[in-house]
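There are 2 protein chains.
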Amino acid sequence: MIDPWASSSVDYDKLVNQFGIQKFSDLINDVENPHRLMKRGVIFGHRDFDKVNNLINKKEDFAVVGGMMPSGQMHIGHKMVVDQLKWYQDKGAMLSILIADLESYAARDMSFEKARDIAVNEYLTNYIALGLDLEEDNVNVYLQSKNDTLRDLAFKASKKTNFNELKAIYGFNQSTNIAHIQAPLVQVADILLPQLEEFGGPKRVVVPVGVDQDPHIRLTRDIAHKLNDEYGFLPPSSTYHRFLTGLSGDKMSSSKPSTAIYLNEDSKTAAKKVKTAKTGGRESLKEQQELGGQVDNCVIYEMFVYHLIDDDNELEKIRHDCLDGSLRCGDCKAKASELMVEMFDEIHDRQDEAREIANNLI
Amino acid sequence: MIDPWASSSVDYDKLVNQFGIQKFSDLINDVENPHRLMKRGVIFGHRDFDKVNNLINKKEDFAVVGGMMPSGQMHIGHKMVVDQLKWYQDKGAMLSILIADLESYAARDMSFEKARDIAVNEYLTNYIALGLDLEEDNVNVYLQSKNDTLRDLAFKASKKTNFNELKAIYGFNQSTNIAHIQAPLVQVADILLPQLEEFGGPKRVVVPVGVDQDPHIRLTRDIAHKLNDEYGFLPPSSTYHRFLTGLSGDKMSSSKPSTAIYLNEDSKTAAKKVKTAKTGGRESLKEQQELGGQVDNCVIYEMFVYHLIDDDNELEKIRHDCLDGSLRCGDCKAKASELMVEMFDEIHDRQDEAREIANNLI
Numbered sequence: 008m009i010d011p012w013a014s015s016s017v018d019y020d021k022l023v024n025q026f027g028i029q030k031f032s033d034l035i036n037d038v039e040n041p042h043r044l045m046k047r048g049v050i051f052g053h054r055d056f057d058k059v060n061n062l063i064n065k066k067e068d069f070a071v072v073g074g075m076m077p078s079g080q081m082h083i084g085h086k087m088v089v090d091q092l093k094w095y096q097d098k099g100a101m102l103s104i105l106i107a108d109l110e111s112y113a114a115r116d117m118s119f120e121k122a123r124d125i126a127v128n129e130y131l132t133n134y135i136a137l138g139l140d141l142e143e144d145n146v147n148v149y150l151q152s153k154n155d156t157l158r159d160l161a162f163k164a165s166k167k168t169n170f171n172e173l174k175a176i177y178g179f180n181q182s183t184n185i186a187h188i189q190a191p192l193v194q195v196a197d198i199l200l201p202q203l204e205e206f207g208g209p210k211r212v213v214v215p216v217g218v219d220q221d222p223h224i225r226l227t228r229d230i231a232h233k234l235n236d237e238y239g240f241l242p243p244s245s246t247y248h249r250f251l252t253g254l255s256g257d258k259m260s261s262s263k264p265s266t267a268i269y270l271n272e273d274s275k276t277a278a279k280k281v282k283t284a285k286t287g288g289r290e291s292l293k294e295q296q297e298l299g300g301q302v303d304n305c306v307i308y309e310m311f312v313y314h315l316i317d318d319d320n321e322l323e324k325i326r327h328d329c330l331d332g333s334l335r336c337g338d339c340k341a342k343a344s345e346l347m348v349e350m351f352d353e354i355h356d357r358q359d360e361a362r363e364i365a366n367n368l369i
Numbered sequence: 008m009i010d011p012w013a014s015s016s017v018d019y020d021k022l023v024n025q026f027g028i029q030k031f032s033d034l035i036n037d038v039e040n041p042h043r044l045m046k047r048g049v050i051f052g053h054r055d056f057d058k059v060n061n062l063i064n065k066k067e068d069f070a071v072v073g074g075m076m077p078s079g080q081m082h083i084g085h086k087m088v089v090d091q092l093k094w095y096q097d098k099g100a101m102l103s104i105l106i107a108d109l110e111s112y113a114a115r116d117m118s119f120e121k122a123r124d125i126a127v128n129e130y131l132t133n134y135i136a137l138g139l140d141l142e143e144d145n146v147n148v149y150l151q152s153k154n155d156t157l158r159d160l161a162f163k164a165s166k167k168t169n170f171n172e173l174k175a176i177y178g179f180n181q182s183t184n185i186a187h188i189q190a191p192l193v194q195v196a197d198i199l200l201p202q203l204e205e206f207g208g209p210k211r212v213v214v215p216v217g218v219d220q221d222p223h224i225r226l227t228r229d230i231a232h233k234l235n236d237e238y239g240f241l242p243p244s245s246t247y248h249r250f251l252t253g254l255s256g257d258k259m260s261s262s263k264p265s266t267a268i269y270l271n272e273d274s275k276t277a278a279k280k281v282k283t284a285k286t287g288g289r290e291s292l293k294e295q296q297e298l299g300g301q302v303d304n305c306v307i308y309e310m311f312v313y314h315l316i317d318d319d320n321e322l323e324k325i326r327h328d329c330l331d332g333s334l335r336c337g338d339c340k341a342k343a344s345e346l347m348v349e350m351f352d353e354i355h356d357r358q359d360e361a362r363e364i365a366n367n368l369i
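So the protein lines, in turn, are chains A and B.
Heads up, the first sequence is in the numbering used here, so the first residue is 8 and it goes up one at a time.
Heads up, the second sequence is in the numbering used here, so the first residue is 8 and it goes up one at a time.
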């Protein structure tokens with residue numbers, strides 16, 4: 008069972024085999040100008056992405072759903088989702104962005120006011136600063152708690168499932184509070200929302216998520232089917248990405264500053280934090296030269312892959328030089344630190360304007 | 008266990024003993040100008056009504072909550088609730104009237120549009136025609152599905168309970184659909200709503216209900232306590248009334264025309280239906296004269312008690328004459344029929360104007 012409310016290390020191949028997730032590598036050749044996260048295997052799995060990809064290639068309508076639970080600070084791990092949303096927006100997607108304030112209330116006891124504040128200042132501001140155009144007509148950004156259409160749809164979805172099914176999917180038990188039991192139905196509605204008449208009716212929707220969110224996808228596909236007669240819903244497609252490892256080698260966390268670099272931190276702090284990251288370096292320089300670095304166990308290398316180096320050849324050279332022992336961790340840290348400062352400077356330059364836009368969105 | 012979604016015949020004394028409901032007769036002497044339903048034992052039980060009564064006697068603020076599930080036709084049994092609401096309104100209560108369209112969707116698959124239509128034309132129109140003033144400032148009439156404040160409160164309430172508790176109260180099982188599981192939390196919010204800041208903050212609230220609704224009252228009292236820190240809620244008070252028996256001797260039903268007289272039926276039909284009612288008459292006139300009638304097992308007599316005769320002496324005389332065998336069922340039917348026509352004519356005279364008001368309320 009996959010639990011979307013717990014963190015855990017994940018065996019991605021097992022997921023593909025066990026849960027019917029398809030391998031992204033099997034269709035990467037059909038994707039025109041794939042995102043670097045697709046090419047590099049960070050996006051490793053999907054459900055029915057081929058159906059969305061066909062529409063992209065034919066320049067036909069589709070939608071992408073993204074969102075955030077506004078419960079802490081936005082970090083460079085979250086950036087990955089924004090990068091994907093931007094890729095889809097550039098391909099002509101309708102963009103539906105939810106702010107999961109009902110979930111942050113249910114899961115974290117966070118007031119709606121506080122959730123809105125975090126959503127605007129931590130997330131939406133940086134979404135915009137990272138290049139998403141949220142002012143376009145073809146974009147819907149909303150707070151769950153303020154969206155009546157969503158609540159109606161969640162309620163209707165809730166009639167199509169029962170405690171047994173949610174227990175099987177999420178591992179709920181009889182002591183689970185009812186707000187928590189309702190939360191998945193709100194997520195289901197978030198994913199189905201772009202298919203309502205007011206957004207142009209039934210359409211293909213893709214949801215780029217971490218694999219921890221797959222239970223919501225499966226439940227949504229089931230309920231889409233059950234609501235098909237009334238709404239004509241198509242089952243949503245999804246893609247699954249790996250997570251950027253935390254600085255310390257554990258999970259990157261919104262609430263643990265030693266694990267994450269937050270987008271609202273200044274460039275200097277970001278640069279310093281990069282240098283604390285766990286690398287794949289050996290015990291000694293001598294050993295490193297003899298055995299080569301453990302590149303696939305290196306947070307700095309991950310940062311290159313996910314965020315800092317767009318040129319595949321440059322990345323390949325680093326990988327090669329690390330494995331043959333000629334590259335030293337200190338050099339990589341210095342390079343990553345420098346690139347991170349560039350990225351942060353660019354984000355920060357745009358934040359003031361972005362914050363104003365964000366504030367007017369919701 | 009009391010199941011608010013099932014109909015059943017009820018042993019009222021057992022309820023008083025088993026569920027901690029207090030006897031209304033113990034405080035009737037403290038009630039100034041009690042409603043005839045109070046004096047006549049139709050309202051037989053309460054929880055904390057003394058606290059509301061003290062405020063009434065001191066002419067201080069309190070609220071009354073009433074409502075309807077808009078799923079069928081309004082009948083003379085429903086009138087009883089309106090009569091009580093009117094009594095409280097005359098005593099200065101803030102009036103909060105909910106239209107349970109979320110529940111009618113969950114329980115009866117009724118669309119929100121259809122529910123609104125029934126609420127306006129069957130219920131609110133007749134509420135107004137029966138003398139409730141719904142245009143006053145101190146009145147809040149709302150559709151659950153359109154009330155964001157209510158939904159927020161229901162959601163917050165849902166965090167304070169779990170499946171175990173709802174199972175114990177309502178007998179839910181694991182196959183119960185999630186919309187149904189959520190429904191009681193909406194009712195809880197309906198009852199707590201008048202205590203929110205926008206309605207003047209924490210206050211005593213009384214909910215006049217049939218005893219089948221007591222599970223909602225108990226759950227609300229529990230959750231009021233759990234939300235006390237955040238909202239300062241007081242536990243709601245309640246009163247419990249018996250139900251008017253259906254014409255055939257079974258339950259009066261919104262959807263079974265042979266059991267009920269509907270307020271939107273014409274006076275002639277109402278008069279005819281009265282004459283089909285089951286009486287407490289004996290097998291033969293001779294037996295009736297010898298043994299007397301079974302007045303407490305007579306739907307016609309119930310109609311006198313609940314609705315048709317306001318004068319206690321007149322009612323007492325009918326009871327006496329029935330019991331001593333001098334009154335014939337045919338005479339009672341004729342009288343009831345005549346009084347019902349008067350009542351219906353009065354209601355119908357007001358319906359056109361009432362319907363216009365009702366239509367503008369929600």
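No lab work stands behind these hints: they were computed from the structure.
Keep in mind that the hints are not guaranteed to be accurate.
Copies of the same chain look alike in the list, so a pair counts if it works inside one copy or between any two.
Mimicking DSS-like on lysine-lysine, the simulated pairs with C-alpha atoms at most 27 Å apart in a straight line are [said to hold, decoys possible]: (1) K275 with K58; (2) K167 with K282; (3) K293 with K98; (4) K174 with K65; (5) K167 with K153; (6) K21 with K153; (7) K30 with K66.
Results for each hint:
For the homomeric pair K275 and K58, neither the shortest alpha-carbon distance inside one copy (44 Å) nor that between copies (64 Å) is at most 27 Å. Taking identical chains as interchangeable, the C-alpha atoms of K167 and K282 are never at most 27 Å apart, the minima being 50 Å within one chain and 45 Å between chains. For a Cα distance limit of 27 Å, the shortest separation of K293 from K98 qualifies neither inside one copy, at 49 Å, nor across copies, at 91 Å. With identical chains, the CA atoms of K174 and K65 are never at most 27 Å apart, being 40 Å at best within one copy and 52 Å at best between copies.
In the homo-oligomer, the alpha carbons of K167 and K153 lie at most 27 Å apart both inside one protomer (23 Å) and across protomers (21 Å), since each shortest distance falls under that limit. When the C-alpha separation of K21 and K153 is checked against a cutoff of 27 Å, the pair qualifies neither within a copy, at 39 Å, nor between copies, at 45 Å. In this assembly of identical chains, K30 and K66 lie within 27 Å of each other by CA distance solely inside one copy; the values are 24 Å within and 72 Å between copies.
Of the numbered hints given earlier, the model fails hints 1, 2, 3, 4 and 6; all others are met.
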